[in-house]
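Asker: Given the structure of chain L, go ahead and fit chains P and C onto it with the hints provided.
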Amino acid sequence: MLLFLNKYIRKNEIKEGIALFNTFTGNTHFLPHPLHKLIAFLAAEPCSEKALLDVFLSSFQKSLQEQENATKQFQQFITEALKSDIIIEIN
Amino acid sequence: MLAQFTLPIGPFNFSIKTDNTAVLKNLSSLYGDYHFYNHSPFIDFPITITTRSLIRRFIKPQVDFFLDEFAPFKPLPKDQSFAMLEWGMNWCITTQAHQFLIFHAGTIEKNNKVIIMPAEQGSGKSTLTAAMVYSGWRLFSDELALISVTDELVYPCTRPINLKNDSINVIDNYVDNAVFSTIAKDTHKGTVALLKPPKASVERMFEPAPLHFIVFPKYVANIEAKLTPINQIDTFQQLIQHSFNYHILGEQGFHLIARLLQNVTCYQFEYSDFEQAKKLLSSLVD
Amino acid sequence: MSILIQVLSEPKNLQNLTISQWQTLLSQAKTSQLVGRLNYLMEIQNYTKPSYVKWHLESAYKIAEKQRKQAIVEFLEVPSTLKNSTSTLIFLKGAAYIAKNLPCSFGRTFSDIDVLVKKQELRKIETILKFSNWLKTNVDDYDEQYYRTWMHEIPPLYHETRGSVLDIHHNILPSTNKHQPSAAEFSTTSVLIEDIGSIDTLDDTDLCIHMAVHLFTESEFHHGLRDISDFDMLLRHFQKHDKRFVEKLIQRAQYLGLYDYARLAIRYSHIVMSTPLSSTTLESLQSNSLFVTFFQDFCFCNIFKPNHSSCRNWKMGLAEFLLYWRGHILRMPLKLLLPHLFRKTYKRTKDYFKQDKDLTQLP
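Protein chains in written order, with our numbering: chain L, 4 to 94; chain P, 263 to 548; chain C, 907 to 1269.
Just chain L, with the same shape it has in the complex:
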C-alpha cells in the first residue's frame, strides 16, 4: 500500500506550516509544523506508511518521549489526511 498526495491538492507554505487547497472539493486545510514535511515528502514521491514514518521520525530527537509523541502526531495526521482526501492509499 502506497500513500500518494492527492493530485488535486495545491500547497502554499506559510509561516507556521502549510496551507492546502483541494481543487476538486474546494476545501482548504492547514497543517502546522512539523507535519508540513510529510506533504513535501509525498509531493516528491509516493511511499509506504512505514517509510514515511521513518523519514518523519528521523527529523526528531532520538529520545523515547520525542519519538512517541512524533509517532502519535503522525498517526493522527494519516487518519485525518485520508479522511479529508489530502492523501490517498493505493495498492
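For the record, the hints were derived by calculation from the structure and aren't laboratory data. Ideal Cβ positions, reconstructed from N, Cα and C, are used throughout, including at glycine. Any given hint could turn out to be false.
As the list claims (entries may be wrong) - To list a few chain P residues with every Cβ distance to chain L over 10 Å, as calculated:
id : residue
1  : Leu264
2  : Pro323
3  : Pro339
4  : His450
Stated by the list, open to error - EDC-like, lysine to aspartate or glutamate: derived pairs with alpha carbons at most 20 Å apart:
id : chain 1 : residue 1 : chain 2 : residue 2
5  : C       : Lys975    : P       : Glu513
6  : C       : Lys1221   : P       : Glu331
7  : C       : Lys1221   : C       : Glu1126
8  : L       : Lys18     : P       : Asp496
Answerer: Same frame as chain L, but now just chains P and C:
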C-alpha cells in the same frame, strides 16, 4: 416621479433612481462631496428604490430595492429606505464583483499602508473605522475590503459608514460636526444611522494601496489597547470565514491569500479607548 | 429582435458594440441568466471584451465554473452514496450537459442537479440520502404533496455541508400527462468523467427530446430564453458532428410518442434563435391547424425573450398568461387544477401581507 443620480464609487458606477424623499434627502447630505456624472457612463449597478404601490402605500408603507429589475430582498418599512440602499449596494458588490477577493472588514489607509479589520457584526469595527477616519486615516470602507485578483492591491469603495445603536452617540460625541443620515429604528440590526464619509477620503476614492496589516479588532470594556501577534494559520482560517467570495474564487483566492500573508503582519487587537487605539494603529504605519 | 437574441443567434454581433448597446445587452443577459454564456461565446472566438464590461462577464463565468465543479463533486458523491440502493441513476438537464462537456454547459448557471431514478426505489433512496446529510428544502405540506403526486419529483433536497441541491425525478413527465413513455424507454449512455468513473445520462437525441418535453409543458418560463438558447446550442453542436441529427431526433421523438414536443422545440429554436435547419425539415415542422400555429407562434415567439423592460411589451404578458394555463392543463386534469390554483393564489396573497415580519434576508 423618479429622480436619478449617477455616480462613481471606487471601481463601480452606480445609478440610483428613487421616488423616496428620505433617500433623496440623505443622498444629498451624505453624498454631498461625491462627483455625480453629467453624462451617462457605463453603469455597473442600476439601482431603484421605490415605495410600494397600491394598498401598502397607506398601511405601513414599504420600499423595494431593485438591482435593474430584480428585487433580491423583501421590502422594508419606509423609514429604513436609506439604510436599505446602503445594504443593497453592499449586496451588489459582494455577490457580483469577483474581480476582487472580498472580506467583511473595516478598511483604512495611512502612509500608503492599508489595514484591513475583519470582524463579525457587532464587534465595533465600523465604530472604530469611523473614529480612525476622522483622525487622519483614509476611509476605504467600513464593511468591505476589496483585494484585486489582478494586481493584489486594496481598492476603496468609499461610502457612508454604518453605525448602530450606542455607536451613533459615541461617534457623534467623538467627531466634530459629524453628519448623520436620518436614524432608522427597529431594523434587523437595531437602530441604524449612516455617517457621512470624510471629504478627503471621498476625493481619493480611485487610489488603491497595498495591504500591510490584518488586524482583528475587538472592543473590550476598560482594557488597555494592545496588539497581539496572531499566527498565519489562524489568520488564514479567519480570513476564509470573513470572506464573501472565497468559495467562488477557489484556487485563485487560495494563492492570493497565501501571497498576501508573505508580506503582511497580522494581529488581534483589543481596545476600549479611541485615543489609545489610534496611537497603537498609527505606530504600525508611521 | 432583442440585442441579446441577436448576439446569441449570431455571436459575430458581439464585436464592435457601443457602450449603450452593451448596457442594454448586459441588462438583458443578467435578467436571463446568460452573462456567463456571453463570456464563453466571446472567449471561444477570441473577441476583445471592452474594459467596462469585462469583469461582469468574467464574474458570471466564475460563478458558473464554481457550480460546474460542485456538480462534478456530486457525480462522485451521489452514485457512491446510493450504490447499494438503486439500479438506475440518470443525470438530466444541466448536470447532463456538464457530464458530456457540451458547449451549452460553459458559463451556464443553474440551481439544481436533476437525477432520474426508479419509482419503486424512491423511498429507499430518500432514506439513504437523509442519513447522508441531504435535507429537505423548505416546502409546506401541500406543496410537498403536489410535488410527489402530480409533478414527477419529490421536493428538492439540499446537502448540509456541500450546499448542492438535488432534484430527484421518478418519471420523465408528470403522471397525468397524456403521453406516458416510461423512463425505461429512454436511451441512456455512460459518460466517463475523469477521476470519477462512469455516470449515466441520456443519449444525445433523448437528451434533446427530454429538454423539449420539459420546456413545452412548462407553465412558468422564468428561464425560457436560457432554455431555448440551450436547445439551439445543443442542435448546432450535434449537427456539426452529424448532419442528419435533426432527422434522427424527429424519428426518435415519433417513436417515443413525443413528436409534438420535439416539433415545437425545433421550430421555435429556428424561429427565435435562427438554428440552421434544412428547408425540408422546416416544412415538416408546420402544424396542420392554422389556428394552432397562430396561437403557438404568438405564445412562444413572445415568451422566449428577455423579461426586461428594454424589450418587454403587452404581448409577452399575454403570452405568459396563456402559457401558464396551457402548462397547468397539460399537467393536471381541470377538476384538480382549479383548487390547486386557488390555493396557490391564497397563499401568495397571505404572504404579501405577512412580508414585513420576515427581514432576515438582508446582508
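Asker: With reference to the structure, classify each hint as holding or not holding.
Answerer: Structure-based check of each hint:
no.	hint	in the structure
1	Leu264	holds, 42 Å
2	Pro323	holds, 43 Å
3	Pro339	holds, 39 Å
4	His450	holds, 30 Å
5	C:Lys975 <-> P:Glu513	holds, 12 Å
6	C:Lys1221 <-> P:Glu331	holds, 19 Å
7	C:Lys1221 <-> C:Glu1126	holds, 15 Å
8	L:Lys18 <-> P:Asp496	holds, 11 Å
Going down the numbered hints, you'll see the structure goes against none, and every one checks out.
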